[in-house]
Amino acid sequence: MANDTLDLDRYRRRIGLTAAGAPDLDLLQTVVARHAASIPFENLDVILGRPIRLDIGSIQAKLVDRPRGGYCFEQNTLLRAALERLGFRVTSLMARVVRGTTADAITPRTHMLLCIDLPEGAYLADVGFGNLTPTRPLRLDSDAAQPTEHEWFRLQRMNGEILLQACLGDVWENLYRFALVPTYPVDHEVGNRFTSTRPGGLFTENVMAARPGPSCRRTFFNGDVTVRDLDNEAERTMLRNRAALRDALHEHFGIELPSDDLEQVFSAMRRFADRPGPGFTLD
1160 MANDTLDLDR YRRRIGLTAA GAPDLDLLQT VVARHAASIP FENLDVILGR
1210 PIRLDIGSIQ AKLVDRPRGG YCFEQNTLLR AALERLGFRV TSLMARVVRG
1260 TTADAITPRT HMLLCIDLPE GAYLADVGFG NLTPTRPLRL DSDAAQPTEH
1310 EWFRLQRMNG EILLQACLGD VWENLYRFAL VPTYPVDHEV GNRFTSTRPG
1360 GLFTENVMAA RPGPSCRRTF FNGDVTVRDL DNEAERTMLR NRAALRDALH
1410 EHFGIELPSD DLEQVFSAMR RFADRPGPGF TLD
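Position one of the sequence shown corresponds to residue 1160 (my numbering), numbered consecutively onward.
Some hints here could point you the wrong way.
Straight line, CA to CA, 25 Å or less: simulated SDA-like cross-link-like pairs of lysine to any residue [as the list claims (entries may be wrong)]:
1. Lys1221 x Leu1187
2. Lys1221 x Arg1169
3. Lys1221 x Thr1164
4. Lys1221 x Leu1421
Restraint-style ranges between C-beta atoms, simulated for each label pair [said to hold, decoys possible]:
5. Arg1209 x Arg1429: 13 to 23 Å
6. Ala1179 x Arg1357: 34 to 44 Å
7. Glu1422 x Arg1357: 17 to 27 Å
8. Asp1302 x Arg1429: 37 to 47 Å
9. Ala1220 x Asp1406: 24 to 34 Å
10. Asp1224 x Ser1418: 17 to 27 Å
11. Ala1179 x Arg1430: 39 to 49 Å
FYI, nobody ran anything at the bench for these hints, they're computed from the structure.
Keep in mind it's a predicted model, so treat the numbers as computed, not measured.
Note that CB positions come from ideal geometry on N, CA and C, so glycine has one too.
Please construct the entire structure, taking both the sequences and the accompanying hints into account.
As C-alpha cells, then:
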C-alpha cells in the first residue's frame, strides 16, 4: 500500500502523539487509543454527496488537516499508513458486519480492519467501527475477554473465521466476522463504493458520527445525540435546530462544517429523523 504522501509529523500532531519509539505493543496501544479519541467516525461527506477517496493524500487532507473524520475505509487506511511509517508490519482484512443479526449471517464484506504482527503475536487494530470501535488492539490468538478503555471484547472462532463481540451490560453482542485473508486497495475501493453509494444503505440514508471519550461513548444518529457511560447508562438529547447541530458536532465530535454544509446536513437530519432506524441500536 502506498503511503509515501503521508506526513507522519502532521498525523502525530493530529492525534497528540508526542513521541514514538520502537514499533512495539505499547506504541501500538497508544496510537490506536489516541487515533480513536482524536479522529471521529462520521459519514457526512456521503450525506453531502461527495465521493469518498481512499488515496492517502485525500484522506490526510480530510482527516488530518481538517477537523473532520471518516468511516472504516478512510480511518483504517490512514492508520495502516501511519503504522507502516512507524515500523509495524500490517495486513489489511475485510469483515462481514453482523451487528444486530446472527453470527453466521451472510452479509457483504464491507468493513476494513487491520492485523498487526508483533513478537507477542498478531493483534487486531480497528479505529473505524463507529461507536463500538475497539479502543485498544486485541490479541488474535485468544478467545478470552479482553478489556479496553471502554467495553470488553472477545474473538470467537467459527468455521474458519473469527467473530468479534462486545460486551454491553451483561450481553455479548455480535459485531463482525472475518477471515485472516489479506485484502488489497482494490478490495477496499469496491467495498467503499458499495457502502457510500448504495441506495437505502445505512451510510447513505442516515447521518452518523461517533467518538469515544475518556469514560464514555458519544454517538450522533439522525439528530439524536447519545452519551453512554462505562456502566452502559445512556443520556440522550434530540437536536432541534441548526445551532444545536453545529454545537453538538463541535463539542462531542470535534467536527467543524462550513455553513452551507451544515445546512445540508441539518436538512438530511430532519429528513431521516422519522424513519425507522437500522436493525440494531447504535448506542
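For this session: Kindly indicate which numbered hints from before are broken by the structure, ordering the numbers from low to high.
Result: none
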